[in-house]
Amino acid sequence: MTDTLTKNTMLEVRNIKRDYELPGGLFKPKKTIHAVKGVSFSLERGKTLAIVGESGCGKSTLARMLTFIDEPTSGELYIDGDKIDTRPGHLTSEMRQKVQIVFQNPYGSLNPRQKIGDVLGEPLAINTGMSAAERRDRATEMLVKVGLGPEHYNRYPHMFSGGQRQRIAIARALMLNPKLLVLDEPVSALDLSVQAQVLNLLADLQDEFGLTYVFISHDLSVVRYIADEVMVMYFGEAVEYGTRDEVFSDPKHEYTRTLFKATPRADVESIRERIAKKKTASAA
Amino acid sequence: MALLQIDNLTVEFETANGWFRAVDGVSISVDKGEVLAIVGESGSGKSVAMLAVMGLLPWTAKITADRMLFEGRDIQNIDPAERRKLIGKDIAMIFQEPIASLNPCFTVGFQIEEVLRIHLGLGKKERRARAIELFKLVGLPNPDERLSHFPHQMSGGQCQRVMIAIAIACNPKLLIADEPTTALDVTIQKQILDLLISLQAKTGMGLIMITHDMGVVAETADRVVVQYKGRKMEEADVLSLFENPKSNYTKALLAALPENATGDRLTTVSAFFDGTPEPAEAR
Ligand SMILES: Nc1ncnc2c1ncn2[C@@H]1O[C@H](COP(=O)(O)OP(=O)(O)OP(=O)(O)O)[C@@H](O)[C@H]1O
Ligand SMILES: Nc1ncnc2c1ncn2[C@@H]1O[C@H](COP(=O)(O)OP(=O)(O)OP(=O)(O)O)[C@@H](O)[C@H]1O
Ligand SMILES: [Mg+2]
Ligand SMILES: [Mg+2]
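Chains as they are written, first to last, in numbering that gives the first Met the number 0: chain A, 0 to 283; chain B, 0 to 282.
Worth flagging that the hints you see were computed from the coordinates, not collected in a lab.
Everything hinted at is true.
Here are the computed lysine-lysine pairs in the DSSO-like style, where the Cα-Cα straight-line distance is at most 27 Å:
| # | chain 1 | residue 1 | chain 2 | residue 2 |
| --- | --- | --- | --- | --- |
| 1 | A | Lys82 | A | Lys16 |
| 2 | A | Lys46 | A | Lys144 |
| 3 | B | Lys135 | A | Lys260 |
| 4 | B | Lys135 | A | Lys277 |
| 5 | A | Lys277 | B | Lys189 |
| 6 | A | Lys6 | A | Lys46 |
| 7 | B | Lys124 | A | Lys30 |
| 8 | B | Lys228 | A | Lys144 |
Estimated spans, in silico, between C-beta atoms of each pair:
| # | chain 1 | residue 1 | chain 2 | residue 2 | range |
| --- | --- | --- | --- | --- | --- |
| 9 | A | Lys260 | B | Phe105 | 32 to 40 Å |
| 10 | B | Thr63 | A | Gly24 | 50 to 58 Å |
| 11 | A | His157 | B | Glu125 | 32 to 40 Å |
Quick caveat, the model's predicted, so the values are computed rather than measured.
We treat Cβ as the ideally placed atom computed from N, Cα and C, and that holds for glycine.
Just need the whole structure built from these sequences, with the hints factored in.
See the structure below:
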């Protein structure tokens, strides 16, 4: 890695790896899965890196390493100029506030017994000296920002639809004013309108506070819209990495091209074609 | 006779601010061999309506309908033992949040084999063979090894494919797929959609596809229902919906597609649509 950190680098990752050990059984040997096989990149403050890739190629594993939830097997991580000591227990609380994650499955990451207002207020209670009334105001404000309302404050997670829970997860991650936000499929559960609303909110926050995003998504039209840089992962490796325009206009790797080709088409001509095909098939 | 026919379904939940109507007089029907897509606002009652069909809503929900028929048979007042025989076998559902719908305490192999044991009475060897075959169909790598994995050892999309495998395990007559491909990249999404469509062509399965992805709608649906705030806004065959959307809400939805972005912000529905529900079109 020849890259040197500049003042503008928010995140730099050098040859990061993560293995999982699967315990063996009586007749089965232990097995190691190389989920992330040495990924490097660097991202400037206020920019968005989108990560796409095949299901199971290690995107969420990478996201968990960037947010200190999983310890890398090897490799280095620099955030906001600091080299991160990724060993458990060595993280400063300042760093913990600076970096937040929105998980891929919102339901699993919400405590079913906790009211939504408390879900949002909790990070403030733990990390700041805010009064209960202040926390309540901030939480209510955030609910409105993500397209929910004050009436949702006292409800429990199971009372929400999938897309509403996703917005709660985004709201929670924003409560501490993070500088780096890692979003794992944040809009895949949202309808187009709420998706637009959330993407606009993310863009506003980026303009206003210079937030940096790592944005994992399967939706190439969203990636194209939101990303400054794009990384394509395949079996634990970054097989393609460049600016959005480079990747979309001139994909180098075979998998990237396959990906573009598989994108569903919503134009009237394609629909007509498909229906005609279906008719002949059922007539045969 | 429709495979599934729901007339005037209403679902209400009791909340701190009184009764909340999640589904408001919705009528839906699907024929054998048909693909019906349901799209619409988040929170508009798509999942709740389908969970009502499955009988899986919590007891706090108040459900009323003029009719809820599956193959002409009343499934609203069905005896619980009869329902258990039907659900998971003839009517199967791919749930919206795959990781949350799998049991974290059991291996995925056990979970799919249980379904095969309970509904089809398969023996141990046959179950395992069929489970491997199903995992292969949904494109899970190393299917035989996967059987011994727990959900937390798999990626989001892998869990979603396990759910899909479980749902199609007994060749259901009606498959309700609630956002079945949200966690999948487009190549595997394509493989799954092709799989569902070919199953459907082969067995005449009816398919209800709930999705936010207009590309998925365009590539699979025969007919489309658009929901907003618990109500049906529009119902049309797929071509008419894209070519000539009738309700303002549908128009607004299509305008919110990222590929239709103008300027540096996306169009939201409220920019287009004042939120007054128009009366649903009679079918
Ligand atoms: N705790 C674990 N133990 C063992 N293997 C794991 C564990 N977590 C993930 N894996 C494996 O590591 C690989 C990468 O998983 P990861 O969740 O990072 O994929 P992903 O790219 O996020 O996929 P998706 O798009 O489906 O969410 C997968 O093959 C998965 O089975
Ligand atoms: N147990 C419950 N108690 C109270 N309200 C509920 C409950 N379950 C669902 N709701 C409410 O019912 C409405 C419809 O929810 P539903 O899950 O059907 O939405 P959806 O159309 O599937 O949305 P999404 O696209 O986000 O999944 C939502 O406003 C939700 O908050
Ligand atoms: Mg993932
Ligand atoms: Mg839903």
